[in-house]
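Just need the whole structure built from these sequences, with the hints factored in.
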Amino acid sequence: MSISQPSTAARIPGRIPEVWGKVPQQNKNFTGRDDLLEKLRSGVVSDDVTAVVPHALHGLGGVGKTQVAIEYAYRYRHEYDLVWWIPADQPMLVRSSLAGLAPHLDLPTAAIAGIEDASAAVLDALKRGKPYSRWLLIFDNADEPEEINEIIPRGPGHVLITSRNHSWQGVVDTVPVDVFTREESIEFLVKRARAVSTAKAAVLAEELGDLPLALEQAGALQAETGMSVDEYLRLLAVHTAQLLDINKPSDYPLSMTAAWSLSVAQLSAKLPEAVDLLRCSAFFGPEPIPRDVFGPPSEKFPPSLKLGSLLADPILLSRAIRELGRYALARIDSVSRTIQVHRLVQALLRQELPPDEQAAFRREVHLLLASAAPYEPDDNASWSRYAELLGHVTPADVASSQDPLVRNFALDIVRYVYSSGDFESARDLVQNFISVWREQSGEDDPSVLSGQRHFGIIIRELGDFQTSFELNLATMARMREVLGPDDAETLLLTNSHGADLRARGDFAAALQHDRDSLSQHEAAFGPDHRRTLRAMNNLALDYLLLGDYSSAQELQKKTYMMQSRAGSGSSKQNVLSSWNGLARVVRLRGEYFEACDVGEEAYEYGVQELGADHPWTLRTAKDLSIAKRRAGLVEEALELAQRTYELQERIFGKEHPDTLAAALCLANALRTNNQVVEALQVLREAAQLFPRMYGQDHPFKFGCDTNLALLLRVNGEAEEARAIDERALAGFDLKLGREHHYSLTCAINLASDLAAEGEAANATNLNENTLQRLNEVLGTDHPLTLACAVNLVLDLVTVHREDEADALRSSTMAKYERVLGPDHPDTRVARDGGRLDFDFDPPAL
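For the sequence shown, this note's numbering gives the first residue as 25, with consecutive numbering after it.
Hints are computed from structural coordinates only; laboratory data are not their basis.
Pairwise CB distance ranges (calculated): (1) Tyr399 - Ser835: 56 to 62 Å; (2) Arg554 - Glu763: 34 to 40 Å; (3) Gln666 - Glu463: 48 to 54 Å; (4) Pro428 - Leu61: 47 to 53 Å; (5) Glu750 - Val195: 53 to 59 Å; (6) Gln49 - Pro551: 49 to 55 Å; (7) Pro428 - Gly677: 34 to 40 Å.
Just so you know, even glycine gets a beta-carbon here, dropped at the ideal spot from N, CA and C.
Here's what the structure looks like:
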């Protein structure tokens, strides 16, 4: 089946697709390959549009696979609505490049949703053909089929792959790319060089083995210098002899190495500084190098011996860059402002240098990369630059550097990768750094300890709470001994370790830990520093988890005000975290309508500044859904809860703390919308996952069980509900005490279980005890206190204490009218003599 034909308007020759991204500039000297391009096109369009079969161009280095792919993209661009170029030699770059497509498909960007989620959303959109079914993706230099085959989309569009690896045969349809035919070589040289006859071109093509890359460099050299073909052949013979003398390996065609060597020699005579720049470029990755990497040396990174004078002279630097392009030793892309050296040329340049020179240039590259990195890797405004630098970290062997400044850059790269949502790639990167640095510098090296701090954050975000706790505890002890308790790194880990304690359910220990941490931060950084404000935000969360809502609100409000003011240095994520924390504590204090107002503003800020799919925007959406549900806006709450859960599950999967919290929110919203069966289905699945995530004695696990018991009782299974609530209440009492909000919520529901089973006296006793405690803990006007009073009225009537019931009903209804209003669902239930239930929603830790 052939692809559906585009409209007449879409087939206008030269038409640029609606989305045209990252495709290198077309080579104006492209020659021949017509049979190859026609064969490729015929194979591509013959595939079933519902199950696209990728096509791979494979062949030796320098035969022009990439140039053929570029020419295909330009020649047939009118057939596509979307064309996208993807560097594929490093698997982690593939997802980053795919994520770059997100905004063009009306999806949240990687800066908003993180690389992992953005790339997954892009793949899903491509497979569905929405909004574009006619797309072309080109994966360049995909030499590891097993690492990227699963990432390649199968859908209505087309995929091209370029690779030196013949292993693609049997995986996809392959098209071999060989050297030029002699006729193509002659045509190319006549077009590329200056006044070269057909006969001379034939001789030159013979000597260069018809290898396109060698022909390109020969043609560029002749065009630039006016050198005759005879002189070129004479010099080529000299360089070939030299290459044979030093036994060049068979991986590189001799014609290529000879042509390259001759071009470098001629350039060296004309502008030696350009050769130094070229050699330096050989130690970057084969991906495009941002032009701004070669900026003037900074105070932090002083000029080196190799490129110092060149980088300090912008005129000379510009000339050197242009000379590399003129001699075809580098591709200069003026649109993207990048410099790219062919991987084969890079390999040859590296190989010709002695080990000490290689080390010097490699160190040069490490310093240039570090100097080009933005200051804050967790600021999404800097992520596009970090994405450009990421592709050079592994090829440049940044891990081998023992320079503290370069190692700090390496950790900033790690921080960028996990801040953007790619936790697995960040884990692999930092593990490699730690392993190399530990071998070089020992266990107690500051960079090793800092790397372990980042590793602890990453695995905690991946849900491995126990490993994170143990690692951070051990690392913190070593940091205090090696670096000192007041060192910045020690304090950063100290602040992070509070989250480990919260994740374990040790809320009281977290409170004490974070009190000490805040005092240390204030002493080290001052009361207004962004790090101090993060510590303050964590302490506010500790107060909230322990039910001290007054202290939590006071501190949370202070934190938010300080973080949100101009010049605070706090990231947008941190501002949203404290803003949402304020909305959450207002809700927990029973001020539901005010919580909706604050939460709406926080959510709008998150959507505007970070995007709807950012983790902190989703956490804010979940809390806003809870506030709306509590305020009686049950339909709005359900819509928001459903959308949030679907996004969380797609981003993180089912077994993630945020997804589990969103599942509880959704189940509660379904129940309040009378969809009990659906709610029970969601909650049964979550109830199996909570103990695997948090353990059997975590308060959040007991809270999930409380919700499950509520749904079981509403569904007529009061006996099972009672057993679950009794275990949950015992667990709450042991971990938090009976005076805690969570414990008292569970107690209200257990009393309802007892009443449903006909144990009115026990229900009355439990509710009387609970109401007394609620009056003291939350106050007489808190909606949870009122709900307990409403239920106690029913129990008092059942045990024939009508006078007490009437008096309590009268005072409680007056408070309901005043606190929640006459039309609130809880007010209506209380007025109609119904029983009220309350559920549990875990906050983000």
